[in-house]
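Residue numbers (our numbering), protein chains in the order written: chain V, 153 to 432; chain P, 153 to 432; chain Z, 153 to 432; chain A, 153 to 432.
Honestly, the hints are just simulated from the structure, not real lab data. What you are looking at is a predicted structure, and each value in this text was computed from that prediction instead of being measured. Be a bit skeptical, because a hint or two may be false.
What the hints assert, rightly or not - Pairwise CB distance ranges (calculated):
{"no.": "1", "chain 1": "Z", "residue 1": "T374", "chain 2": "P", "residue 2": "A192", "range": "24 to 30 Å"}
{"no.": "2", "chain 1": "Z", "residue 1": "E159", "chain 2": "P", "residue 2": "S229", "range": "24 to 30 Å"}
{"no.": "3", "chain 1": "A", "residue 1": "K372", "chain 2": "Z", "residue 2": "D214", "range": "34 to 40 Å"}
{"no.": "4", "chain 1": "Z", "residue 1": "R193", "chain 2": "A", "residue 2": "G262", "range": "39 to 45 Å"}
{"no.": "5", "chain 1": "P", "residue 1": "D264", "chain 2": "Z", "residue 2": "P280", "range": "34 to 40 Å"}
{"no.": "6", "chain 1": "Z", "residue 1": "R193", "chain 2": "P", "residue 2": "F288", "range": "44 to 50 Å"}
{"no.": "7", "chain 1": "Z", "residue 1": "T374", "chain 2": "P", "residue 2": "F288", "range": "17 to 23 Å"}
{"no.": "8", "chain 1": "P", "residue 1": "S229", "chain 2": "Z", "residue 2": "E212", "range": "49 to 55 Å"}
What the hints assert, rightly or not - Stretches of chain Z that chain P covers, calculated by requiring three or more beta carbons in the stretch to come under 8 Å of a beta carbon on chain P:
{"no.": "9", "segment": "186–200"}
{"no.": "10", "segment": "250–260"}
Said to hold, decoys possible - Just a sample of chain Z residues kept apart from chain A, beta carbon distances all over 10 Å, derived:
{"no.": "11", "residue": "N292"}
{"no.": "12", "residue": "H319"}
{"no.": "13", "residue": "A356"}
A virtual CB, placed ideally from N, CA and C, is assigned to each residue, including glycine.
Below are the chains, spelled out letter by letter.
Protein chains: 4
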Amino acid sequence: MSSSLLEARRELSLANMIVANEGVIDAFGHVSMRHPDNPARYLLSRSRAPELVAPDDFIEYDIESQPIRDPGVGQYSERVIHGEIYKARPDVNSVCHHHCPAFMPLLATGTDYMPIFHLGAVGGIRPPFWDQRDEFGDTNMLVIKPEEGASLARALGKHWMVLMMRHGVTVAGTSVRDCVFRSVYSARNAEYQVRAMTVGSNIAALSPGETRLAGQISAKTTGLTRSWEYWSMRVASKNGGSAAAPKQAPSGRGKAKTAKTKTRSKPKVAPKRAAKRRRR
Amino acid sequence: MSSSLLEARRELSLANMIVANEGVIDAFGHVSMRHPDNPARYLLSRSRAPELVAPDDFIEYDIESQPIRDPGVGQYSERVIHGEIYKARPDVNSVCHHHCPAFMPLLATGTDYMPIFHLGAVGGIRPPFWDQRDEFGDTNMLVIKPEEGASLARALGKHWMVLMMRHGVTVAGTSVRDCVFRSVYSARNAEYQVRAMTVGSNIAALSPGETRLAGQISAKTTGLTRSWEYWSMRVASKNGGSAAAPKQAPSGRGKAKTAKTKTRSKPKVAPKRAAKRRRR
Amino acid sequence: MSSSLLEARRELSLANMIVANEGVIDAFGHVSMRHPDNPARYLLSRSRAPELVAPDDFIEYDIESQPIRDPGVGQYSERVIHGEIYKARPDVNSVCHHHCPAFMPLLATGTDYMPIFHLGAVGGIRPPFWDQRDEFGDTNMLVIKPEEGASLARALGKHWMVLMMRHGVTVAGTSVRDCVFRSVYSARNAEYQVRAMTVGSNIAALSPGETRLAGQISAKTTGLTRSWEYWSMRVASKNGGSAAAPKQAPSGRGKAKTAKTKTRSKPKVAPKRAAKRRRR
Amino acid sequence: MSSSLLEARRELSLANMIVANEGVIDAFGHVSMRHPDNPARYLLSRSRAPELVAPDDFIEYDIESQPIRDPGVGQYSERVIHGEIYKARPDVNSVCHHHCPAFMPLLATGTDYMPIFHLGAVGGIRPPFWDQRDEFGDTNMLVIKPEEGASLARALGKHWMVLMMRHGVTVAGTSVRDCVFRSVYSARNAEYQVRAMTVGSNIAALSPGETRLAGQISAKTTGLTRSWEYWSMRVASKNGGSAAAPKQAPSGRGKAKTAKTKTRSKPKVAPKRAAKRRRR
């Protein structure tokens, strides 16, 4: 494995843990990235909760969302969400699909997302809605077929976020960190907007000009770096000093046995050193 | 004790800890299972908070909710909830009774539960209400008498969830994991529904067709396994690496002295190994 | 010190930690108890946040809220809340004063407390309001003068809870555990009631008969023991295995230096043994 | 470095950690203090999340918000908020700028802040609003130019808090602890006020007289000391016994490499001693 690919896998593993730790994702949902060496491929974890995703859990997919080699483990059923967006949008290098509680009131009522503070501008102005029922009738709501993914990608259009009625949200980004930043702060904004709506119906949203200007904050290194350092620390702090997935759930009667023999690649800051630093 | 029974007790102990850790249950409420070797019996913990329930805390009850042998410890007063449902519904193998905060707004106003996202379909379409007052007048609201439990079981009918006015919820499942999955995601859905209702009165619930199709997601191994692994990890993480109840509350002046001499059966993943793995 | 008094101080220290840990109290608020050997005295901590209160932090007060001996440390300014209630109500053996967030919407609008689930019955039917402004005009809202405390005690009357407009709540109990149970579950009920009111205006509260019957649940040993064990475990779990106040805040430039030389009495379950048990 | 300056840096580092830990600030926002030896200067951290700020992260600025010497690290872009307030208000010795979720409903609707319980009096009566758009048209909402900071300081006037429409809040204090106390309790009050507004439109706010009198509580040593001890303990407890920033986030690919070689000054209570105390 090339060192840049290994680095990419570590970043993507951390991204999955961050969105989980920040309350955007629970057992379901996922963050992917376009392959750093091959734009016609992308990386997405095997089927497991994002907070548990380790660097070697990622499966390499082609642009049709077929695994490059037999993964030998369970796969996410909704991977076409990622593949079809990478196909339609060459400028997108990372995708996050989630069911964040903060968005649910909007998704259950068809209420427009409105940026109500500067960091909420990452969600853009009136991001589009998509309703699977419109084109596909009654389904189990999961986006599994290529045509369902393609339909969602069309709805996304040139936006960075698409709201999926009675389901969740899909966020795109120019990089993993940009995608994480957009996912977290659009969720914060949705939460604030919903609470603001309980106080009064006149919401003072950002103007189009403010949204455009404030939306560029995340493009600046400073904001991205500061928040990434913060969120990484929060993951590390929860995991007892390491930013690598330290948790191995008891296997129960089910699957997941393959994980036992896997070797986990080390995080950049080794747990030992982190522990040592704490003891000083 | 047969090894399958020991395994069942471990799974049920973990189920109790999971529903507590996920905020569905606090000091009160309980998860039971039908006896794996004898369908006319069921297992329910002695009287203690679910988050503290260990594999050897379970008492074996007959279908009339009488303990098979003198338990010598305190028992839950509401065990007929479990017994009467097992009697009425041969397809039910696990029952969870809880007072989850998320449901309280519905239970205090008689507002119908509506699945507003795909995972909320586990609660079904318009699950029934039951009001103890209707049949039994003023009570202390606890379901203690066999006829009260039988009345509740009748209200449940063929559904998987029954809403108990001014009290709580009882959820049934085909297995312990199915019951936990239904309990957690119906609670999540109730929380989202209540918040959605503060935004607008037009709630776009799942259609009957969508509810039926999405309700089968929990029947598939993938979703159940992924969420169980996630929730188990969260319990283990909180307990310092072990998925077994590690906590022994200070005994105070009261009861609970018997617990001291009990030997606790080991969880599948022994704490030591878990700790070791963490240190790498 | 008699062993029963030492035991009482430990119980009261734990009570303070529990109400803090359960979100009823933050830096401000306090739990007291009538002296176990002398009903004309009561025990209340020196001035510090309840979550930090250790068994030897308690000051002995006479019924006029004067310390029996010079405490040599800061005292709570609102101690007359406790003294005047002990004076007026011989059946009360513990008092908790708090500013729990859950109650604030009721206290800021004068909305009646309504028991909306069985455990909320501990708050009683329409507990009285008290507004310091009515009798004393503009104050800093703190209940400091004996006549202010006496006025509050009169408002409490034969109830177990009095709501203080634009301030907080005072709860009484027959014992420390009864007082803690009432404090926690009335707060839970207030939280649920407020959320229920966002869904609809027709709140189905418990009937007077149900309230009276369900209000006796806390008088039964089972419920009190189960919840106390649970809450104690949560305190212990947070404190790394011990139910004694393990935390010593950095002293800063301020007071609190006396604490350094104090010897802390051991909790019933010594930390070492708790840790050992965990490692098995 | 003088010992008083070192002490000031430690206090300010802890202040940053406290406001983060209490939920007032996340990755963005900052707390500054006027230089203890030179009133024409102030101390503000280099660009990083407040929860990570260590005593040696502070940069010394002159009253025009220019660094006294080349800091060699990233700086906050909004530092003129601090500088312009120190310039306009000689009685202010500490400033906190934040985007606390509790305030967002007020900031998105232009709803007045109302003290609804005694501790909320720290926010004052009808603290002013400021809208960057009024004077500067469409911007990215960040307060970066000196004239923007000066405009904000004018809006603050003689108040202790100014509400920034669609952005956040800036709080001033006579000392670091006073500023932290005002920041935390105004945020608590905002949260309670918003929830009270979901229950009824008649909010019983403190009278002007009550607000003035209760607003002096924070000026008394007792309240400040008690809350500071509590919040410090909560920071220390989270950080495993130390009140110094113990966390070093994994550096990722980005900046922050300078941090590695820095020596971190010890907190007042050394971690070792804290750990020892816990083991007793």
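To see whether the hints hold, each was checked on the structure:
Taken as a hint, the range 24 to 30 Å holds for the pair T374/Z and A192/P, whose Cβ atoms sit roughly 27 Å apart. At roughly 29 Å, the beta carbons of E159/Z and S229/P sit within the given window of 24 to 30 Å. Here the CB-CB span from K372/A to D214/Z is close to 25 Å, at odds with the stated 34 to 40 Å. Taking 39 to 45 Å as the suggested C-beta distance range, the pair R193/Z and G262/A does not conform, at roughly 53 Å.
Against the hinted window of 34 to 40 Å, the Cβ-Cβ separation of D264/P and P280/Z comes to about 35 Å, which satisfies the hint. Distance hint check: the CB atoms of R193/Z and F288/P are about 46 Å apart, consistent with the given range 44 to 50 Å. The supplied range of 17 to 23 Å is met by T374/Z and F288/P, whose beta-carbon atoms lie about 21 Å from each other. At roughly 39 Å, the beta-carbon separation of S229/P and E212/Z lies outside the given 49 to 55 Å, and the hint is violated.
Against chain P, the segment 186–200 of chain Z contributes 0 residues with a C-beta closer than 8 Å to a partner C-beta. That does not satisfy the three-residue criterion, and the hint is violated. Residues of the segment 250–260 of chain Z with a Cβ under 8 Å from some Cβ of chain P number 0, which does not satisfy the need for three, so the listed coverage is violated. A Cβ of chain A approaches the Cβ of N292/Z within 10 Å, the least distance being about 4 Å, so the stated non-interface status is violated. The beta carbon of H319/Z sits about 6 Å from the closest Cβ of chain A, which is not more than 10 Å, so the claim that it is off the interface is violated.
Against the 10 Å criterion, A356/Z stays outside the reach of chain A, whose nearest CB is about 17 Å from its own CB.
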